[in-house]
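2 protein chains.
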Amino acid sequence: MAFGEFDLIATYFTQRWPTRADVELGVGDDGALLNVPENNQLVVVTDTMVSGVHFDQQTPARAIGHKIAAVNLSDLAAMGAEPAWLSLALTLPDIDHEWLTSFSHGLREICDYYGCQLVGGDTTRGPLSMTLTAHGFVPNGLALRRDTAKPGDWIYVSGTLGDAGLALACQQQRCAVSDSHYRRVLERLYFPSPRVALGQNLREVASSAIDISDGLRADLGHVLKASNVGARIDVDEIPLSLALTESVAADTAIHFALSSGDDYELCFTVPESRRGVFDTLMARHPAKPTCIGRITSEPGKLRLERDGEPWETEDSMQAGGYEHFR
Amino acid sequence: MAFGEFDLIATYFTQRWPTRADVELGVGDDGALLNVPENNQLVVVTDTMVSGVHFDQQTPARAIGHKIAAVNLSDLAAMGAEPAWLSLALTLPDIDHEWLTSFSHGLREICDYYGCQLVGGDTTRGPLSMTLTAHGFVPNGLALRRDTAKPGDWIYVSGTLGDAGLALACQQQRCAVSDSHYRRVLERLYFPSPRVALGQNLREVASSAIDISDGLRADLGHVLKASNVGARIDVDEIPLSLALTESVAADTAIHFALSSGDDYELCFTVPESRRGVFDTLMARHPAKPTCIGRITSEPGKLRLERDGEPWETEDSMQAGGYEHFR
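Here the protein sequences line up with chains A and B, keeping their order.
For the first sequence, full-length UniProt numbering assigns the number 1 to the initial residue and increments by one for each residue that follows.
For the second sequence, full-length UniProt numbering assigns the number 1 to the initial residue and increments by one for each residue that follows.
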């Protein structure tokens, strides 16, 4: 008997994977049957990755499995949600057991770490791609949104920006960096860490949040548009890794941070009145987010400044964030 | 400025689409923010369709939009769930406005009819395919499952079986039928009707249910396996359309009904003790389901009979239901 769809799911995606008490039926029926906790809202996010677009032949299968989960959990984090259930639609050109072992391993590491359960999905034959829909909870009324930033709010970002973009530029031979820096930034491109704990900690202090998937400039732009406000950013405050600052010129590093994608850090705003609470909360946070600027009342206007003067240089690396079909 | 991802969503997938009161945030933030009604469980289903596998170049885009929603709503129906929210991941090789207009039209007709809201998703560039994740509700404890059929339960199917399979066989030039019959069966292949109302009506009478997507034999087989029971089917009771019976030999028609996919009817079981309630409920149903046999206590054993004698003939058309990777 040939290796079929049901064997595939049983072999790679169910045995010894984490299970949750709020899942009444997971993989194996027409649908999953799930219990959302009382006084919580459901948050649903979806991301697709396509071979040749979001990853290439040299990308390890384990990284692909990790990343399809990480990018979805990053969206949940940006909503302040606790991740719970995943549904995976996997399209494969053929059954490659080595690839499937590594891919499922990468996905499962995330499920194990965050206590998520794979509750369903679909497997089909076709050009390699995958769509994950992730479900999370947030207590009623506490979800973080992108349309609620207010003038005067302080703008923060987590981690450092631009590392994944540098790794991609190296792969595309637009940049060359030392081996040790390359290993470091490649890890960020292949195995991004969704800011799940930070997102949940921000529920009662942040006035808005978004995850940085298409570059700070583009994603902060979505917040400004949705909230009908502007922003002033001090480019020298943007957190950069040593790997980035030691590899490219100072202004190029800022461009990477502003315009390259795949960071999966959070960008969020905190009202002046919540800064004390925020600082107290963050005192025990391993990597305290960095304040990079402030929300203004000019709708849609993003001012980049250095020492209070406008900052704008030629962007030879990449203009604008990544948007499909543009 | 080129036509981008955000323009695409705004143009084809949000303006004047139905909205629901239980959606606090739909398309446009990092995720959708949703309220599941009290005392209800969430049901989540996912289906993918890939160009060249689930449809071909001659399939009208409106049919593809209809079908990706219909196959998911059919899964919800099989769980007894009320459909509510859809999340669409759409991968397109390029921006074809004519195709997008028709596709979105087909999808929207289903959303309008069933009062579903498209609450999120992803659009990416790549080989044409789409994954839809559909969400529905079912009152606590009333979901229909496939692992709860009991010996002695009566087996029913809705509608007629095998029509979509006949249409596909005609397209693949394995059959030839009259123009009027072809139009009729092609409509069933392209625009299947999910049995949403029936599924909800069965909540308190059926002991198990599944939707028939891969052929009656394969899908009833899933019920038998999950419930650890067997079944006896009278092949002459299987409901067939005039289009099918007038187009092929009698036994071939039965083979189509048993083994071809894409019917999207429901197959369900009713305990003897609930038959009176069931008949009363179905009296006002436009197309009363047909009783085709009974559950037995032989685990996994499907007996096909005619006049009480075993029925088994050469199956020259297609053996077994459709399963990917086999």
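In case anyone wonders, no lab produced these hints; they're calculated from the structure.
Ideal Cβ placement from N, Cα and C applies to all residues, glycine included.
Certain hints may be false.
[As the list claims (entries may be wrong)] Here are the simulated distance ranges between beta carbons:
#, chain 1, residue 1, chain 2, residue 2, range
1, A, T11, B, T245, 24 to 30 angstroms
2, B, D22, A, E204, 22 to 28 angstroms
3, A, R125, B, G300, 24 to 30 angstroms
4, B, L281, A, E98, 49 to 55 angstroms
5, B, L281, A, A21, 29 to 35 angstroms
6, B, D22, A, A21, 54 to 60 angstroms
7, A, E272, B, R125, 26 to 32 angstroms
8, B, P60, A, P60, 50 to 56 angstroms
9, B, E312, A, T11, 29 to 35 angstroms
10, B, D94, A, K225, 40 to 46 angstroms
11, A, E312, B, D22, 54 to 60 angstroms
Against the structure, the hints come out as follows:
Here the CB-CB span from T11(A) to T245(B) is close to 42 angstroms, at odds with the stated 24 to 30 angstroms. For the pair D22(B) and E204(A), the supplied restraint of 22 to 28 angstroms holds, since their beta-carbon distance comes to about 24 angstroms. The beta-carbon spacing between R125(A) and G300(B), approximately 27 angstroms, falls within the hinted interval of 24 to 30 angstroms. Take L281(B) and E98(A): their Cβ atoms lie about 52 angstroms apart, and the range 49 to 55 angstroms holds.
For L281(B) and A21(A), the Cβ-Cβ distance of about 34 angstroms falls inside the hinted range of 29 to 35 angstroms, so the restraint holds. For D22(B) and A21(A), the hinted distance range of 54 to 60 angstroms is not satisfied, since their beta carbons lie about 25 angstroms from each other. Our hint of 26 to 32 angstroms for E272(A) and R125(B) is violated, since their Cβ atoms are close to 42 angstroms apart. For the hinted restraint 50 to 56 angstroms between P60(B) and P60(A), the CB-CB distance of approximately 40 angstroms leaves it violated.
E312(B) and T11(A) have their C-beta atoms about 32 angstroms apart, which keeps the hinted 29 to 35 angstroms range intact. At about 26 angstroms, the beta-carbon gap between D94(B) and K225(A) misses the expected band of 40 to 46 angstroms. The beta-carbon spacing between E312(A) and D22(B), approximately 45 angstroms, falls outside the hinted interval of 54 to 60 angstroms.
In this structure, the hints that do not hold are numbers 1, 6, 7, 8, 10, 11, in rising order.
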